[in-house]
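Asks: Since chain A is already given, all that's left is putting chain B on it; use the hints.
Here are the chains, one letter per residue:
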Amino acid sequence: MERAVLEMHQITKQFPGVLALDKVDFDLYPGEVHILLGENGAGKSTLMKTLAGAHEPDSGTIVVDGREVRIRNPKQAQALGISIIYQEFTLIPYLTVAQNIFLAREPLRWGMRGLVDRDRLYADSTAILKTLGISVDPRSVVSTLGVAQQQLVEVAKALSLNARILIMDEPTATLSDQEIEQLFGIIHNLKSRGVGVIYISHRLQEVGQIGDRVTVLRDGRSVGTYNVADVDINTLIKLMVGREVMEKADRRSLPNAPEALRVSHLHRNGVLHDVNLVVREGEIVGLAGLVGSGRTELARAIFGIDPFDSGEIVLLGKRLVATNPSLSIRLGLGLLPEDRKSDGLALILPVKDNVTHASLTRLFPSFILDFRKERAIAERYVRDLRIATPNIFRQVGFLSGGNQQKVVLAKWLATQSRVLIFDEPTRGIDVGAKAEVHDFMRQLARQGVAILMISSDLPEIVSMSDRVYVMREGTIVKELEGEDINQETIIGYAMGKGEGQ
Amino acid sequence: MLRSYLARFSRGIALLALCVIVSLATPVFLTSDNLLNVARQASLLLILSTGMTVVILVGGTDLSIGSIAALSSCLVAPFFLRGASTLQIVLGIILGLGVGAVLGFLNGLMISKIGLPPFVATYGMNQIARGIALAYMAGNITYGFGPTFRYLGAGMLYGIPVPVIIAAAVFLLFYFLLSKTVFGRQVYVVGARPSVATFSGISVPETMLKVYTINGLVAAFGGLVFISRLNAAEAGLGETFPLQAIGAVAIGGTSFRGGIGGVTGTIIGALIVTVLTNAMNLLGVSTLWQTAVTGAVIILAVVLDQGLVAQGVGAALVMRRNRRVRAEA
Numbered sequence: 001m002e003r004a005v006l007e008m009h010q011i012t013k014q015f016p017g018v019l020a021l022d023k024v025d026f027d028l029y030p031g032e033v034h035i036l037l038g039e040n041g042a043g044k045s046t047l048m049k050t051l052a053g054a055h056e057p058d059s060g061t062i063v064v065d066g067r068e069v070r071i072r073n074p075k076q077a078q079a080l081g082i083s084i085i086y087q088e089f090t091l092i093p094y095l096t097v098a099q100n101i102f103l104a105r106e107p108l109r110w111g112m113r114g115l116v117d118r119d120r121l122y123a124d125s126t127a128i129l130k131t132l133g134i135s136v137d138p139r140s141v142v143s144t145l146g147v148a149q150q151q152l153v154e155v156a157k158a159l160s161l162n163a164r165i166l167i168m169d170e171p172t173a174t175l176s177d178q179e180i181e182q183l184f185g186i187i188h189n190l191k192s193r194g195v196g197v198i199y200i201s202h203r204l205q206e207v208g209q210i211g212d213r214v215t216v217l218r219d220g221r222s223v224g225t226y227n228v229a230d231v232d233i234n235t236l237i238k239l240m241v242g243r244e245v246m247e248k249a250d251r252r253s254l255p256n257a258p259e260a261l262r263v264s265h266l267h268r269n270g271v272l273h274d275v276n277l278v279v280r281e282g283e284i285v286g287l288a289g290l291v292g293s294g295r296t297e298l299a300r301a302i303f304g305i306d307p308f309d310s311g312e313i314v315l316l317g318k319r320l321v322a323t324n325p326s327l328s329i330r331l332g333l334g335l336l337p338e339d340r341k342s343d344g345l346a347l348i349l350p351v352k353d354n355v356t357h358a359s360l361t362r363l364f365p366s367f368i369l370d371f372r373k374e375r376a377i378a379e380r381y382v383r384d385l386r387i388a389t390p391n392i393f394r395q396v397g398f399l400s401g402g403n404q405q406k407v408v409l410a411k412w413l414a415t416q417s418r419v420l421i422f423d424e425p426t427r428g429i430d431v432g433a434k435a436e437v438h439d440f441m442r443q444l445a446r447q448g449v450a451i452l453m454i455s456s457d458l459p460e461i462v463s464m465s466d467r468v469y470v471m472r473e474g475t476i477v478k479e480l481e482g483e484d485i486n487q488e489t490i491i492g493y494a495m496g497k498g499e500g501q
Numbered sequence: 001m002l003r004s005y006l007a008r009f010s011r012g013i014a015l016l017a018l019c020v021i022v023s024l025a026t027p028v029f030l031t032s033d034n035l036l037n038v039a040r041q042a043s044l045l046l047i048l049s050t051g052m053t054v055v056i057l058v059g060g061t062d063l064s065i066g067s068i069a070a071l072s073s074c075l076v077a078p079f080f081l082r083g084a085s086t087l088q089i090v091l092g093i094i095l096g097l098g099v100g101a102v103l104g105f106l107n108g109l110m111i112s113k114i115g116l117p118p119f120v121a122t123y124g125m126n127q128i129a130r131g132i133a134l135a136y137m138a139g140n141i142t143y144g145f146g147p148t149f150r151y152l153g154a155g156m157l158y159g160i161p162v163p164v165i166i167a168a169a170v171f172l173l174f175y176f177l178l179s180k181t182v183f184g185r186q187v188y189v190v191g192a193r194p195s196v197a198t199f200s201g202i203s204v205p206e207t208m209l210k211v212y213t214i215n216g217l218v219a220a221f222g223g224l225v226f227i228s229r230l231n232a233a234e235a236g237l238g239e240t241f242p243l244q245a246i247g248a249v250a251i252g253g254t255s256f257r258g259g260i261g262g263v264t265g266t267i268i269g270a271l272i273v274t275v276l277t278n279a280m281n282l283l284g285v286s287t288l289w290q291t292a293v294t295g296a297v298i299i300l301a302v303v304l305d306q307g308l309v310a311q312g313v314g315a316a317l318v319m320r321r322n323r324r325v326r327a328e329a
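Protein chains in written order, with my numbering: chain A, 1 to 501; chain B, 1 to 329.
Looking at chain A on its own, in the form it has when it is part of the complex (with noise of 0.2 Å):
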């Protein structure tokens, strides 16, 4: 066999508070398609970002066709040969797709700085284009085009830096099916050019139909590297989820307390499709997916966010088929929201200010604030769910990442809601307080508060809930209750095992 193009050795990277890479070995041979597998925050992204040069490891070796490099910034990784195609485009949509294939590196006229050679800058691009196949006009504006035309141009724009390592981030994440096949033509294409392809998936099924080998990364880990001919579905799932399962000990069946929510045929255009859920008093329902399933979406629609386009809501025994954030706060619904340093808290205002935020009206009828009854409120809920603060005055800013969750803890339950959603409760808080947050929710499920909780995490989803919602694609693809939560169960819907294979 010949020279592989790349071999990682032992590559380790530490963030605060977490591994992200723990002694990862990969390689890549010319005219491979590798495909990277793994459950959100398994470490794909952040490996493939030794690669392109945006972080650093801290330790292990990178070899490039037999000679040890040091990938510092972008442009040594361009000089090496290394591409990547992220999920977010980095196309710039004013300009002509040929404008951007030679972004910052225009053919020049005469020679001279700052004066672009346009035949030469059309010329060499369609001669780009038409090499991989690619039919898109180089004088279009990137604006106009479709996702997967964009794509293309970003495949194209890739191989003009001579690229002999492609790493895409889920390419086929946004596209339609024959827009996927015909990026899978282009990939034959590059292969039997001997370019090295990296692919990063999130569809089971694309393992079989364009990989070569998968690498199976869990928590930071490799677990294992398998020719795609030697291996099948579930066991690729068994090894992505792997770690013990943590068993919920009191998973509970409610079947006949009133219903606090039912969602019935949601749909919002080309985002939700036929959502329908039901939560009942006193339950936990996780709700499970992959990012980009359209969790976050559907909680903004239930809340009133985003409008949606058809279907209806009954919360607590209200019919809306529209709504807004007033009116669920006024019903009873509360959304934590994922972002909470974007959409949990004002930063910069104390920690009263953002306890009361969401139940001014509620708690002040009269709409004259009442600061010793706000006071007493801020102080109850910051010595009820242990908020490490100097006192209620200071700004949430200061705030540890676990005390800021429950700063937004306390502005939901400010508001008596009945039917929470917790939308990532407890990414990137420390043990600790992930603890103490769980604590608190399974406390309100016991007081009959409704709560659906989406999680990435699934350990999380396993452990916390009575029952469990999968979506994907928009859409909730299945139900699962008792033994049948688990985390392969959850992977495998998730990843839509069983689908177009």
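The reader is advised that the hints may include incorrect statements.
Said to hold, decoys possible - Below are the DMTMM-like pairs computed for lysine to aspartate or glutamate, each with C-alpha atoms no more than 20 Å apart in a straight line:
hint : chain 1 : residue 1 : chain 2 : residue 2
1    : A       : 130       : A       : 179
2    : A       : 23        : A       : 7
3    : B       : 180       : A       : 370
4    : A       : 341       : A       : 370
5    : A       : 238       : A       : 259
6    : B       : 113       : A       : 306
To be verified - Now the stretches of chain A that chain B is said to cover, found in silico as 3 or more residues with beta-carbon under 8 Å:
hint : region
7    : 332-344
8    : 349-357
As the list claims (entries may be wrong) - To give an idea of the chain B side of the interface with chain A (calculated C-beta under 8 Å), a few residues:
hint : residue
9    : 10
10   : 181
11   : 189
12   : 196
13   : 198
14   : 201
For the record, the hints were derived by calculation from the structure and aren't laboratory data.
From the three backbone atoms N, C-alpha and C, an ideal C-beta is built for every residue, glycine too.
Replies: Just chain B, lined up with the frame of chain A:
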């Protein structure tokens, strides 16, 4: 501890220091006549910059207050001419405030519903309102108001100029509104982080609408006080209002990113500007130079306020210490 107190009262201290320096430089400054004069001069700026404070707190700006003041007062000026009944005057005032509120509401609509940047929306409104005022007045001046109306801008009550009392009342009202009401809280959240407001069930567009409407009303009110003092209304009045008010708010320490500040700082900001102008007049500084000095003071105040100087000095001290530590090692 001391530092945080200094930071909190820095503007007050700056105002005090300014007064001490000016009173040392000229004995006239501390006479009661002059102080009353300063207060009277500051009163209009205070009224206008109070409304502006709320707009800047939600992260906006309003360039149209001068034109709103001009258009609303020109339209209703005939109600106040000598011989007008009290009822007529009251009606005129209500109408004038109504015109201001409507124009402010339109500002709010453009910003919150159409999504225009506040600078663009209010700049456009500034031109429109000014243009209508100019066309309506066609170069004429309405003057000669009755004593009842003139009391508003030029009267005295217990030895205190009436506009000063009015400004104090406006200040108290806004202080109450911003710090003791649900509306005030909403203003701060919307300014600090609009998405947080949305997630908390507070409507950002509605809050914006209210804020700009209030500011239009305040602008019209300022215009009425102004023409009452001047005893005349003309279409060109108040061109300097917006930038003066924004300047006072800036010196007063309200953040242009929204969410931080309040009317207490604005009072001091307005007083600093007025005392400075007064001092320059007393000291015989040419009016040609006064504008430049005022501008420099605004920049200086904001630099001091953001702790930029303190940071620079602090960094220099740390560097020196590090050098010393290295030298010793």
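Asks: Looking at the structure, which of the earlier hints fail to hold?
Replies: 4, 5, 9
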